[in-house]
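Asks: Using the sequences and the hints, build the whole thing.
For the record, the sequence lines run as chains C and Y.
In terms of this note's numbering, the first sequence is residues 18 to 246.
In terms of this note's numbering, the second sequence is residues 239 to 442.
Each hint should be verified, as a subset may be incorrect.
A few chain Y residues that don't get close to chain C, going by computed Cβ distances all over 12 Å [to be verified]:
(1) N243
(2) K302
(3) L348
(4) A403
Below 25 Å or equal to it, Euclidean Cα-Cα: the simulated BS3-like pairs (lysine-lysine) are [as the list claims (entries may be wrong)]:
(5) C/K130 x Y/K302
(6) C/K39 x C/K156
(7) Y/K407 x Y/K270
(8) Y/K273 x Y/K407
(9) Y/K302 x C/K121
(10) C/K156 x C/K35
(11) Y/K247 x C/K130
(12) C/K39 x C/K130
(13) Y/K273 x Y/K343
Derived list of chain C stretches under chain Y, where covered just means 3 residues or more per stretch with a C-beta under 8 Å from a C-beta of chain Y [to be verified]:
(14) 73–84
(15) 111–118
Don't read these hints as lab results, they were simulated from the structure.
All C-beta atoms in this analysis are idealised placements derived from N, C-alpha and C, irrespective of residue type, glycine included.
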Amino acid sequence: MGTENKTITPKRESLFSKKNRKLLKDPLGDSNPITIQVLGICSALAITVQLQQAVIMSLSVLFVMIGGNVIVSLLRNLIPDRIRIIVQLVIIASLVIIVDEVLKAYQPDISEKLSVFVGLIITNCIIMGRLEAFALANKPGPSVFDAIGNGMGYAWVLLVVSIVREIFGSGAISLPGMGQVKFLPQDWFISSGGFYENNNLMILPPMALVVVGIIIWIQRSRNEALIED
Amino acid sequence: MEYFNIFVKGIFVENMIFAYFLGMCSYLAVSKTVKTANGLGLAVIFVLGITVPINYLLENYVLKEGALTWLDPTFATVDLSFLSFIMFIAVIASMVQLVEMIVEKFAPALYGALGIFLPLIAVNCSILGGALFMQERQYPSIGEATTFGLGSGVGWWLAIVAIAAIREKIRYSNVPAPLQGLGITYIITGLMGIAFMSFMGIEI
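Replies: Take a look at the structure:
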């Protein structure tokens, strides 16, 4: 896991000081969890067929990350080093259970579609990775910023992949609470005498990988420093 | 025949990597050479083959609604399934630890091959994924659940060895610089996934 250990000891600094802004901004770009650090891909790809699933998933991960980072950071001096992995797993698992129960209660059909992937937030390496690399060594304040930054970095990749896949795959966009909005006129489609047809390949799981591959390609050609040799 | 069907399905049709993207993190991180990929793959088969049946017992005799009736008939309405995440991950983490110690004691040669990979596996999504799919699909017996675990493990091993072999060779190809490393691995995995989709719908 390519995570770097930042040790930041803020004295009294303003909410949006340079350090905090850096914590928020870096994971969005040059140390993005999915495209650069290679963390948390497992759940990222499987649920990007539709935008609404991706939105719900991102919010769930964001919640678990913030909760986990704050709790671990508060307990960081109490957790014995040797059993820290299991302590972290228990904290994350409890937060994920909360998310799962809330989703089952308020978004039952999306919870159905996400099936096992809500549970798999537990083993999402992003969360473990940030707990290990950041929350264990830093105060709760910066940990919250780190969690928000990484959660958002995870979220934007998810949202972009799912928007691309949904537009090309089903010719529609779906948001939680709005259902699926088809914005292409019905008579454009070949089935009703038009010229356009949805690309069903985009709905299939492998295309998520290709789309992420292309995002990585674009990101690395814009910033030569990220290129691997 | 049913067992064989579940086994083949786990390897090809419902491949952990190509159909569900489970265990992608270690799949991408440890697939630089075939030798290490092989070690990690074998460790995954091993751990899935052990944890899925244990979690099956846990699910069917403790967690499921009415599962506690063997203890006392009045427990018929107790439903502990909301605890399943935390129980499964605890079982997995402790089993991995236990397996590591047992292998170290009784099979030093195997430990030499798998040793460094075992701790990594506790947080490999495919192991928890195996347990959660087992829970969702409600296999009728422990034999079928074990077969499913082993089949998915073999599928994962196959995927990581294949991508490692390709990555060893692709080093000599002229890949565009920004795509090198991670990017091309994603795209190749996508193409392999499309190839694996041709197994869809196979019934034996």
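Asks: Determine for every hint whether it applies to the structure shown.
Replies: Quick rundown of the hints versus the structure:
1. N243: holds, 21 Å
2. K302: Consistent with the label, Y/K302 stays out of reach of chain C, its closest Cβ about 16 Å off (over 12 Å).
3. L348: holds, 23 Å
4. A403: holds, 18 Å
5. C/K130 x Y/K302: Cα-Cα ~21 Å, so holds.
6. C/K39 x C/K156: holds, 16 Å
7. Y/K407 x Y/K270: holds, 10 Å
8. Y/K273 x Y/K407: Distance of about 14 Å is within 25 Å: holds.
9. Y/K302 x C/K121: Judged against 25 Å, a Cα distance of about 17 Å means the pair holds.
10. C/K156 x C/K35: holds, 17 Å
11. Y/K247 x C/K130: The given pair, whose Cα atoms are some 21 Å apart, holds under the 25 Å limit.
12. C/K39 x C/K130: violated, 36 Å
13. Y/K273 x Y/K343: Given pair Y/K273, Y/K343 holds - Cα atoms ~23 Å apart, limit 25 Å.
14. 73–84: violated (count 0)
15. 111–118: Holds: 5 residues of the region 111–118 of chain C have a Cβ under 8 Å from chain Y.
Consistency with the previously given hints fails for numbers 12 and 14, ordered from lowest to highest.
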